Structures are given as C-alpha cells and as structure tokens.
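A.B. asks: So the chains spell out like this:
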Amino acid sequence: MQPLDLSAVDLVAAVRQGDVSAVQCTEAFLKRIEQVDGRVNAFLKVDREGALARAAAIDARRKAGGPLGPLAGLPVAVKDVLCTADMPTTCASRMLENFLPPYDAEVVRRLRAADAVIVGKTNMDEFAMGGSNENSAFATVHNPWDLTRAPGGSSGGSAACVAADMAPVAIGSDTGGSIRQPAALCGITGLKPTYGTVSRRGLIAFASSLDQIGPMARSAADCALVMETIAGHDAGDSTSLPHAVPRYTELLEQPLTGLRIGRVAAHFAEGLDPEVARGVEEAFAAFKAAGATIHEVELPHAKYGIPTYYLIAPCEASSNLARYDGAHYGHRAEPGKGHRAEPGKGHRAEPGTTFDSPLAEMYCRSRAEGFGPEVKRRIMLGTYALSAGYYDAYYAKALRVRRLIRQDYLDAFQQVDLIGGPTSATAAFALGEKSNDPLAMYLVDMYTVTANLAGIGGISFPCGFTKAGLPIGFQLQGPALAEPLLLRAADRYQRLTDWHLRRPKLPA
Amino acid sequence: MTTPTATAAPYTTIIGLEVHVQLQTRTKLFCGCSTRFGGPPNTQVCPTCLGLPGSLPVMNRHAFDLAVRAALALDCTIAPFTKWDRKNYFYPDLPKGYQISQYDLPFSSNGQLEVVDPKGAFARNVGIIRVHLEEDAGKSMHDEAAGTADTRIDLNRAGTPLCEIVTQPDLRSPQEARAWLNELKLLLVYLGVSDCNMQEGSLRVDANVNLHIPLAGEGGAEGRVAKTPIVEIKNMNSFRSVERALAYEAARQWEEWQATKAELGTTPKQTRGWDDPAGVTRAQRHKEESSDYRYFPDPDLVPVTVTAAEVAAARAAMGDPPTVLRKALEAKWKISAYDADVLVNQGRDLVAWFEELATLVGEGKVASNWMQQDVLRTLNERGGTIGEFPVTPAAVADIIGRVQKGDFDTSRGREIFAAVLASGRPVADVVAGMGIAAVSDDDLVALCRELLAANPKVVADVRGGKEQAAAGLIGQAKKKNPNVNPAKVRQICLDLIKGM
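Protein sequences appear in the order of chains U and G. Mapping the first sequence onto the working numbering, position 477 (from 1) lands on 477, and the numbers just tick up by one. Mapping the second sequence onto the working numbering, position 137 (from 1) lands on 137, and the numbers just tick up by one.
Calculated directly from the structure, the hints in this document are not laboratory data. Just so you know, nobody snuck in bad clues.
Restricting the straight-line Cα-Cα distance to at most 30 Å, the calculated cross-link-like pairs of lysine-lysine (BS3-like) are:
(1) K234(G) / K87(G)
(2) K87(G) / K376(U)
(3) K467(U) / K434(U)
(4) K365(G) / K185(G)
(5) K83(G) / K234(G)
(6) K498(G) / K466(G)
(7) K405(G) / K332(G)
(8) K327(G) / K365(G)
(9) K397(U) / K87(G)
(10) K457(G) / K480(G)
(11) K83(G) / K397(U)
(12) K376(U) / K83(G)
Please read these numbers as outputs of a predicted model, since none were measured by experiment.
One chain only, chain G, in its complex shape (with noise of 0.2 Å):
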C-alpha cells in the first residue's frame, strides 16, 4: 500500500501523538525502589509499588525536577501549583486499583517542539497540549503456552516515572510524524530526562489520526471538508512502525471514506493495534461506554508548587536542546544546516567532541570534513559510542595542522589517521615510522631540476602554454620521495621553466 503524498493526495491526513517517555531516575516516583530494567520478576517492589493495605506514596522530588527539565525543552509553561490525581481503574497489573496521575491540573502546558527536514521537505511546529507526570503500572505477561492461558504480572515497573507528552494534531503526515519522534527522542536524551530505550519500552507511542477531505462545492465552488473518524493506533514498537501504522491508517480512511462517507461524530472514537508482521492495524474490542476513570485528587499527596526561582534555576541548568544547538553550530563554526544536523543528531558529547577538535584546529569547516568524513564513519564501523572513540581530538587536529602546514596532503593524512587508529600510538611517532618527514626546499628544488632535465617533452609543452602538463611530473616526484607536497612539486617545477 502506498501514501500518496501531500500534495498529491485528495485529503490531508491530521496527525496527533501521545508520548509516554520513562524518566531516567534511580528510584520510583512514590517510593525507593529501583527503576532498573531487567531484573528478575517482582524483585524491585516494596509494600507502597506493591499497593499493600496501608502503604503510602512519598512524592520523588529529583523525578519531579527531570520533567519540569523537560517541559521546559518543550517550550512548555510551568504551573506554579500542580497537584496529583488517582485514575481508578481495575487491572492486575494496577495493585492499588487507581494509577497516580495528574488530571485537571497537570505541572506544564501549551508547548511546541519544531521538526525541520535538512533536506528541505517539510518545517512543522508542533504543539504540545501538556505534559503531566505519572507512574508506570507493572507488565502482565500472557503465557498461552499449554492451553493454560495464565497471566504472569511483574511490579517492578509498577511506580516508575512517566511523562505523558500530549501533542495538538499538526502533524500532516506519518514521515513528519517519525521525524518529529526522532527531534523528540534526541531532546530528552541530550537532557538526559530518559534513555527512550523503545525496546525497554522507556518510550511509547500511541496517535490519533484522521483525515480531512475537501469537497467540491456547488458548480465548481469551494466546498466544505470532510473530515473522517478519529482513529487511535496503539502497539507500535518503533518510529518505524509508528510511520508504517499511519500510513496504512491513511490508506485504509480514505478507502473506508470512499465506500461509506462515514464522518467524524457518528461513530465512538475507534482504537486500532498495529500488527507489525501483517503490516496492518485491526479494530480492538471497545466497549459501549467509554470508561469512566472517576479522577479525583489524591489524598494521600500534597500539592507541589514550583517557584518561578526554581523555574530559572532548570532554564539554566538545562544546556542547550537541539534545535539551539543546530543553530548555534552553524554560526558559530560557519558549517552548513546540514552538517550541524548530522552533527547534533549524534549526541551531546559528540558535538562537545567536534568543538574540541574544531578549537584546535581554529576553524569549523574543515573539522566539520573531517567529522563527517573520518571520525563518523569510523566509528559507525566500529560500534560505539564517541566517549569510547581510541583517537582524541588533539590528534586529529595535529593530523589536520600538519596537512595544513603542508607537511603532507589530506589523503596521506587519512592514512595517518587510519593507522594512529589502529596503532593506538601517538600521530608524530606514526608519522616517522611511515618514514614521513617534511622535504625541504633545497632538496625539493634539487629533485625537481632533476625531474625537468628528464623530461624536455613536459617543459615544451608547459612552454607551449599548456601548464596541466605540469601534473605528470607530480607522479614521478613521489615515487622518488613519496613525502614530497605535490603542490609544491609544481609549482616549483612551473618557476623552474619560466626561469629557463
């Protein structure tokens, strides 16, 4: 099934996403256990995360802190009182029969998150309708092997802390949608608010999607727009998976538009899974009434205020996000947007990485080539992450100076870097046990003399006005010194003949 694209497409697809991001904290929101991933089931619990009879939650301030850090990268405003709410609902994985979340009054709101291609296909400012902060529930695990059909549920999920990132539905279609879950991801690991491991789950995503359609109107008029059912897609365990759901969801309206011109308001909002092998969503059972979570403030919590100081106090401690970053790159070191996304899309430390280089070198564009060129493809074919990159930025920019110096050019200069790489020994010592070392002029005017008396054809030609032959003599200057410059090679060879 194919997407038509916007432009082509008879209908505009609307895009909503609700994130639900685990923040990366050593404890659980209401208690002290840990938020480790992996243990051994039910082995990180305790009677609060348990919901034992009398147990009491005790709000983790350091959580609190990591949301408002991410609120306030969302461009999000800060409530200065925020309070917290139980949603009832019965579930296994659920022990206290209602979750702790925020309701009416969630901590941040009205925000935005910018997504722009590099390439130039789409620029979209997102709204973000709220953030709120929550705790997980725990894991129910269906083993249907056997014809047993238990359930097994694991609780050291259970309390972990939550943000739910609410969007306005701008998004216009599912290739945005992935690029802006990337901007997402990228900010909340730069502000080291969560690892959005997806396959630990520390990220999920469900969307809303509809479609709009515009109809002709009376004799060729501008006629209203249609616009089809709200479908929520739900079970999507990639950015991967979130594009291919919606675009399949936009397929599928706009045939289901077709055969039953079914518009938004006549049908109960609709939730869809996303089969990931079938490629397909499937209706999921629904029931008539829509569930009523009887929210109410939880009275075993007090309210949290947050001060503008403290407000301030995250602004500042917060670095700058990506977006910022993007721009401050290209000014600063006059790269390209395009080079600057390559570079910020990597990471925190690898653009504090590049600005080390990039200060030694004393100029950004040509650290820039070498980043992208070497130091990036190097490292996706090694694996891992730049901290454990073997080579420092001093050395590349040693390797750098001495090309610049003119010492020896830029593809020997790759081999020096390849071979300080796998060596692991500092640039100079690689340097002289490659037998490089600088010529001097004295011998490189020597052997040039030497090269034109060999070859009276060459100085003819350049006589004759045809300098590039110039450039045959270069290969033969470096078989007899591979260290030789080549543009010093001919340059001193052109002077030679001009003085003949």
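Bound-form chain U, shown alone (with noise of 0.2 Å):
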C-alpha cells in the first residue's frame, strides 16, 4: 500500500479499515515533501512533529474503537493566509514573519475536528496578491511540471505541493482566480465555492467581498470529500450563507442526463494559446459524448472583468491592510535608524523624506519595509481610487460594472446550467515572464475574475497537455450554489479520461 498513489476517499477509506495506519500516511508524505520540496519551495512551514502526533493519536483512537471524523487521517496542506494556532501564519509576507495568531481559522478547526492532519502551510504570492507566487517574501514557488515555469498564484503552493504529491489535499484561497489558476498550471483539481460556502473566519483577508476558500486536490472526488468537511454556515463569519452543507460526495453518483453546457465565443478570441484552445475544444466534445449539449451564451460584460476586478480588490486591500501599521503586531521599523534605503528588501525609502511625527514615521517606515512591491501597488491603487473626488468615477463606477457581470451570469444560466472555457489563457509560463509587466500579470485571471465579482463557484480540472508537456485547465462556472454539479460534471469527466492521474516526473 503506497499512500502516495491513493486518492484522498481511498486513503480515507484505508486509514478507517486499517489497511494504512494515519502515521503510515503522513510519514509517507512528509518523506515526500523531505525529497521533492527543496526544488519546489510549495511549503513555507512543515509541521513534522505536529502531524505525526496528530496521526499518532488518531491511529491510538481507532485501536481503542473510538469514533473517528470523516477526514481520519488524510493529510491536508494548508496555505499560509490561514490563521493556525501551532504554526505562524506569514501570509508569505516579511510584516507577519514572525506572526503566530492566537485562534484557528474556521476552517482549520473545522478541519482538525474532522481528524485531518494538517502537515504544513503552503507558500503563496504576498497576502494572495499575484499570479505567479513570484510574490513570495520569502521563496518563488516552482511549477513541478517544469522547474522554470511558475505554479501560477496566488495559491501556488498549495498547487505545487499537490501535483507534486506531496500532500493529497490543500486548502487555497481565490479572490480572482488564485485556486482555479494554479491548479490548472499545476495539472490538478480546485474549487471555487459559490461566495458564502466556506466560513471567511481567520482567513486573513485580501478582497473581503471576493475572498473564498476552497480544496486543491487531484480530483473532483477529492474535492468533494474536502468540501463536506470546510462548508457550511458560520454564525461568526456574517457573510456565510444559511444553507445546509449537500451531500458532495452522495451526489457525485446522480446521472447527468441532458447537461446544457454554455460556451462563451469571446472565450476564444485574441489572447487564447492555439494548444489551450485545442484542449478545452476536446473537452466540450468529450461532454458533448457524454452526453451534455453544447450552447453559445453571451457575457456582455465579461470583457470589464479585469478593469473591475483591478478597481474593487486594491479599493478593499487597501482598508484590510491598514491593520498591519507595526503598532500592535507584525514587523515595525527600528526606531531612529535614518531613512536610508536597504539593498535586497526590495523597499526604497527616499533619502531626505520628513515625517509629521515619530508615530508618522514608524507608520510609513514599518510598512515600506514589511510590505512588497506588488502588495504596495495595490493599496497605492486603491487608497486613490476611494479617494475624495474619485470614489465615484473608480470604486462606485466599478461596483455598478460588477453587478452588470453578476447580471449577465443570471441570464446565461436561464439558457444553461454551466459554462465552460479555459481557465487560463496560457499553459504555465516562465517565472520572472511577466514579473516585471504587471498589466500582463494581472491578464492572467482574465477567465476567473467574473465568477469572483458574480459571486459563483467555478471548478478547474486538467483537460489536456501542450506539447511540451504541460498541463491545460479547463473550467466549469454554475450559478450560486452549484457546487454538487460542478463537482459531478468534472468527476463525470474525470471518469471518462485520465488526464488528472498523469504526474509529472519529479524523482525523489
């Protein structure tokens, strides 16, 4: 029994009827993560000792003949925007380098109350800002696919750890893309839930109106089994929705007769890769054997997708972040060192620069030296668009678009019941390709950022190689709390081909 071959159900299943104990299990992966992450920087922490005494007393229940939770066993990597109580929560930024939160994320708890093993917290772009995990203060993230290549972001890690089979399961988060994306660089599977399925509590806050959690991992069964587990309502999370968590995995098994599946022509205009447009062509056709209908659906205002997304997100980053101003927590500039610049942290304090106070001073000087240069352009981007003056032509004028974007999914779903498309317009690009263009970087989530500004849920799952080997993504929206479908649809595909149980070669 090699733990690393099994899917997350089956290892679950092996773990209950004892055929690998959870210390085999995790042993085994974080053997894995020993051999492989060195080249592929998918974890910021791992927590060895943690994780094998977690599995070891789960092992110890299950020999007693005590209950044991629907996770018993499975290890889960977790990214770093997610509060742990046992391990520093970094954000992948030097101002929470040494930050260790005094509570659990909602959806951690929820995690270990399940008997998950929480093996470590995976390294992303700085506090989910980026498309590449570039980002990273403190490692870039390298696609196991190919090590030049970038794993895409904001949830680089989490993809790489799991495409790399150094975790079975990881949780990402998404405000534009950074779950689907990733996973369809890194050749896996990642949800998107509709807005309000998983509790936002503890999740360190980029976009609160965009943010979601959601499972990376290598299927759509998987993801199902997760999704038992982190949904569900949360009376501290005010934006959680009221409903009953479905059966994700029981309704894997209903039938998808007469699927209406929408294509969207613009998907394919200018801008798409040839060999990413091959395989989501083949994709439909594969749904299209299976039986679904093939629909053209128009969304009018998808093409404001971007300008929109890059007005709302920096506008609500740039209110989260104020927080981290070295007052109470996080880093704080040395006091009375002078305003020179350091070289290799990336900040430039300019020479001579006066401050209406020390108070002033410690502000603007803790801040240019914890936050990186992405995470300043956006809260640069949005301090000026809520500014007075301008409030109306950005951030209102934006907030309108939004609700047209969110306007256009409902009609299209009153033709369909989901849509399809690439995730991604290219297959994983070189790192430091676009490091230097952010307007190209932020082209990457041109086909995710709609679902986030209309608040649905949006699957990724492989559906294809380039040439050179790399994997293409394609991705399935649904209307609000469509999740059963989006997970049955890509399991149904998934049981049709096996492009998701290819992996890369990446010896020990």
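Once you've looked at the hints, go ahead and assemble the two chains, each given alone in its own frame, into the complex.
C.D. replies: Written as structure tokens, this is what we have:
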C-alpha cells in the first residue's frame, strides 16, 4: 500500500479500515516533502512533529474503537493565509514573518475536528496578490511539471504540493482566480465555491467581498470529500450563507443526463493560446460525447472583468491591510535608523523624507519595509480610487459594472446549467516572464475574475497537455450554490479521461 | 468674561452639537467582549476588537435595537435599509486602521428634541440631522512622566457601541445648549439607552458655534447678516464646561470679528480645544488638507433591514419619554408644570414612586407637595436612589391620610415622617410610640370649656367681634394635650362662645 498513489477518498477509507495507519500515511507524505520540496518550495512551514503526533493520536483512537472523523488520517496542506494557532501565519509577507495567531481559522478548526492531519503551511503570493507565486517574500514556488516555470498564483504552493504528491489535498483561497489558475497550471483540480459557502473567519483578508476558500486536490471526488468538512454556515462570518451542507460525495453518483453547457465565443478570441484552445475544445467534445449539449451564450460585460476587479479588490485591500501598521503586531521599523534604502529588501525609502511625527515615521517605515512591491502597488491603487473626488469615477462605477457582470451570469444560466471554457489563456509561463510587467500579470485572471465578481462557483480541472508537456485547465462555472453540479460534471469527465491521473516526473 | 443676553447682544449665537453616546449593552458592537468600564487595560479584548488578521465582525442586534429606541425617542425616521461603512484613518487606538461607522445611509435621520425652560426663559425645538451607530476606538494614554513620552494603548473600549447624534444649528445660547444636553441625557437614561456618564466617557460632546451679526444698511435700512467662521470646540468634560466654553467662544468670536471682520468661508473650519482650568478655548493644530476618510461599504458586514412592524414594536416597548411624561403628570394629577418638571427630571423610578403615592392618596397636589418638600429633600440629604429609599409610598400615604382625617396637623405629620425614616418602623407604631392618639370630640369639648372658663378676656374679645383672639387658646390646648387638632379646638371654642 503506497499512500502517495491513493486518492484522498481511498486514503480515508484505507485508514478507516486499518489498511494503512494515519502515521504511515503522514510519514509517506512528509518523506516526499523532504525529498522534493527543496526544488519546489511549496511549503513555508512543515509541522513534522505536530502532524505525526496528531496522526498517532488518531491511530490510538482507532485502535481503542473510538469515533473517527470523516477525514481521519488525511494529510492536508493549508495555504499560509489561514490562521493556525500552532504555526506562524505569514501570508508570505515580511510584515507577518513572526506572527503566531491566537486562534485557528474556522476552516482549520473544521479540518482538525474532522481528524485531518495538517502537515504544513503552503507558499503563496504575498497577501494572496499575484498570479505566479513570485510575490512571496520568502521563496519562489517552482512548477513541478517544469521547474523553470511558475505554478500560478496566488495559491501556487497549494497547487504545487498536490501536483508533486507532497499532500493529497490542499486548501487554497481564490479572490480573482487564485485556486483555479494555479490548479490549471499545475494540472490538478481546484474548486472555488460560491461566495459564502465556506467561512472566511480566520482567512487573512485580501478583498473581503471576493475572497473564498476552497479545496485543491487531484480529482473532483477528492474536492467533494473535503467540501463536506469545510463548507457550511458560520455565525461568526456575517457573509456566510445559512444553507445546509449538501452531501457532495453522494451527489456525484446522480446521472448527468441532459446537462446544458454554455460556450462563450469571446473566450476563444485574441489572447488564447492555440494549444489551450485545442484542449478546451476537446473537453467540450468529450462532454458532448457523454450526453451533454453545448450552447453558445454571451457574457457581454465579462470584458470589463479585469478593470472592475482591479478597482474593487485594491480598494478593499487598501483598507484591509491598514491594520499592518507596526503598532500592535507584525513588522515594526526600528526607531531612529534614518531613512536610507536597505539593499536587497526591495523597498525604496526616499532619503530626506520628513514625517509629521515619530508615529507617522514608524507607520511609514514599517509599511515600507514590511510590504513587497505588488502589495504596495495595490494599496496605492485602492487608496487613490477611494479618495475624495475619485470614488464615483472608480469605485462606485466598478460596483455598477460588477452588478452588470452578475446579471450577465443570471441571464446566461437561464439558458444553460453550466458555462465551460479555458481557466487560463496559456499553460504555465516561465518564471520571470511576467514579473516585471504588472499589467500582463493581471491578465492571467481574465477568465476567472468574473466568477468572483458575480459571487458564483467555478472549478478547474486538467483537460490535456501542451506539446511541451504542460497541463491545460478547463473551467466550469455554475450558478450560485451549484457546487454539487460543478463537482459532478468534473467527476464525470474524470471518469471518462485520465488527464488528472498524470503526474509530473519529479524523482525523489 | 460675561456673555451678553440674547436680546442685549449685537449678535445671535448659533450652536449645533455633535454628541457621542455609548450604548448600555453588555457586549461590544461587533464581538462578544464585555463593555464594562474600568477593567484592567486590554483584558476585555478578542481577535475581532484587537483587529487581528482574519478576524471578522458580527453585529450585536441588541445594540442596534437600543440605537433604534434612542432614534425613535428623538423623533427620527428609521431607515428601512441601512449599511455599515469603513472610515479609514491611522491611529494607534484604532487597531484595524478603520472605524466601522455609517456614512451616507445612517439608520435614522430627521428628528427633533424640544427643550423648555420651566421658568419660561426659553423654549427651543432642536432639529436632529441624523443619528448613526458606530464602534468606539480604544484609549490612548499619553504618559509624559520622566520624559519618556510613551503612549499606552488600552483597547478595552475599542468596539463599544456608540451612537452619534448630530443636531441642526438650532441652539441660540450656551444656557440653551446646556439645558438641551440635560434633556437629552434625561431622555437617554429614561430609555435605558445609555448611562450618559461623562466621567467614564459614555457621553461626549463637541460643539459647533458661530455668530450671526446684523449689519446696518445704507441710510439706517436693514442690512445683511454677517456670519463669523464656524469653530468646532472639543474636549469639554461636563455640561457646565460646554456652557462655559460656548460662552467664552461667543465672546472671543465677537472680539475677533470686531478686529478682523473675517466671515464664514474665508478661512478653513477651525477646531479649538477647551482648557477647563484656564477657562479658554485654544486653537488646535489642523492640517492644510481636510481629512479624507475614504469611506466605503464594509464588505465584512451585511446591510441591516428594519421593517415597519419592528419599528412599531420598538416604539411600543419604549415607554413615555420625559417630554410626554411631564405633560401626562400635569394633566393626570393636576400638578403644576414646574412640579412635573422636578419629578420627571429625577428619573423614571421616582415618577413611578410618586404615582404610587398619588394613587394611594387619591390626589396629586398633596402627594406632589410631600414629594417635593419631604421625600426629595430627604433623598438629596441622604444621597442614593429612590429605589433605596427606606420609606414606602404606602407609609407616606398613611401619614397624609391621618393628617387629612384630622388626627394631627401637617407639621406633626412631618415629625412622624422623620421618625419613620429614622426608625424604619411602621407609621402606626411611630404614632402610638409618640403618644399620639386621636382625641374624642367629648374630651375636646370638655377641654375647651375649661379653657374658656380660664380666659374670660378671650371670650369677651371674640364676642366683641375679634374672632382671631381664639388663636390664643390653641397654644394652651396643645400644652394640655399635644394630640389635639388645632382647627377643631378653634371651631369648638367659637361655637361654645356663640352659645354662651
């Protein structure tokens, strides 16, 4: 029995039946992390002792005939944007380099209560801002399919650790595509649920009205298993939906007859890589062969998705990140060191800058030193767009466009059950290729941001490979709370294809 | 510095107030932490009110309902839909870097609260522009001892629910402002909305003030009215300070006007702090640009809807506010406006005590007199609340009843009241213990015959038409028997003389 080869569903069953112990399972993945993560940098923190202790406790309970949670013994990697009381939570930022939260995020609490074994915290773009994971303050994640390429972002560490068999399941967060785009680039399955499905309590906020937590795994069936634990109402999150949690795994078994999938012609216009286009068209054909019907639909305002997103998200971020001021926790600039630039730290303090007060200086210098360039860029964008005299032209107008985008989806879902298309315009791009061109980087989310703006769910899963051997992602989007259908459609596709079973060659 | 009265002054003082009131809730506005005052620093905090990464707010519905009650009492319109906004600014006692407040859609607006001087000096209906709900910030304590100049932050207060009440500039004198604040405080305490304790910071006032100065036109014609620049006064720690600061500021603006003729709009709005010991306002440092708080809707919270039925239920549960109660007491118990004002200003519990007494006595005027002259006077001397007062309305009603029956007179009744208060014993015991017993009519007649026989001069005077001469007999009667009713003695003596 080789735990690395098992799906999460099979692993949980194997532990339950005693075919493999939770400790054996955990050890197998920890060993794999040791062997390959030096090349991938998927983890910011591996909690070897904590994970093994947890696994041993689960094994002891099983032996004693005690009750086991639904994820008993399942190793899970958690994006470092989710608070953990027993591990630092850094958001891959110097600002929170030594921050130990006093509480577990609701999702982490639920995972622990379900007897999952949290093996570590995964790398990400700083404060979840980025599409390549190159904005991590600590390490660049390498795509397991080609170590010279980006894993996507911001949940790049979560995607890469699943792709490289370092964890069967990882938790990501998705504000504009941060689960789906890295899932596509790393050849795994990632679900961004409908806004409000998974509690955001303990998720360090980037853009509160867009952030949503979701599972990343090898298959839709594994994502369904994790969703049963992490989804559900939380009275501690005012935006949490009060709906009952569906039995996602059981609903996979319902037949998929008469499924109507929408195809948006605009998705295939300029900018889409021809190899990705071919893979996506083949997936449509596979769905058609499986009994689905394909219908052309329009999302007329989707073309405004990126500009709308890059107003709303930075506006919220500029306020959400105001708390990192050095006063109460996080990075604080040393007093009285002057204002010289520190080489290698990536910030530029202007010589001769004067401050209103020692307090203002502490604020300015703490933030100048603690935040990376992309975070600063977005804070400045948002601060500008919310300023008196600009609010109506930028933020208020973006909110109006957001409503139009949402209405487009409502109209489209009158005609079809789901909308299919590419997750990302290209397969994994080279590290460094876009990192000096913020606008090019912003466009990597062009197919995904609209689901966040509309608050609906989306899933990405592999639908082929480029000639260079890089995975291609297919995205399905559904109406609000259509996660059972998204998972079922993806699972049906995965029963007919084996793209999701292919693994990168990353020898131990 | 003296303030010219409204009629004598060559200007009109225009005052608007901005009042922050902490709501009397057990827990904070967006988390479950205690709002208790005076705990050790930073002991009533959690990830949410500390603004820790990942924490989220959840609205305390009880706080919202209390705020609705306050707004209804201020005659405001309750918005059917309201939302929360973030007011962004950096300060160490604001751990999130923004305050959750309400910007363009406050939960209530457009109300009024009247203040009437019981002595008739003024009556002013003050418009309320808006009442909104927000979270309080923490407290910064600047410790400049030993040259350290450290600032310490206590976040126990951070997140306490706070109602901001903004008035129209309808007040016309510092005295009116103080009286209006007293009325507002009374109202909010009546409704159980706030304890309005200024020492503990549960009520804070900022005032905006300027002068309207009528200018003479050409040839003696009426000219335009000049307006001085509006000044906001902060840091006033009592209603008395508010009155003093406004008086000082009005006089200061008048002097400045005479020197500079500077009018509203020519200078940026100035903020001045009240220095209470020095009795002056001082200009506070202000930035070149006005603050830009970059308000936007808080995406962590959902909008709040209030139905007409919920408003009606809140109104029904509210009870009478002081203005209504004063008029109701006047009408129901036939007491003067002044007396009703005194009773109502003592709070809802005292009014209930009075009404119980008046009901037992069967009329209001006598009950009100006893309240004002005996109960309130004693209460003021002893301190404490009416709830702690050792004498019950039934006991006072018992004493009043015996006086009305003629068992003894009012001054004797007061002595009994004092004895009941001191001993805590029932009225009947005290009366018996003081040897007070009703004197029978037969005994009285016998006593009077004895007195008349001993005082032939009095008898002669009364016969000669000087009925007042009988008064001399009352003192003698009381000496012989302290329990006699003076009025009865007088009447019996007169009747006996007539029959002689």
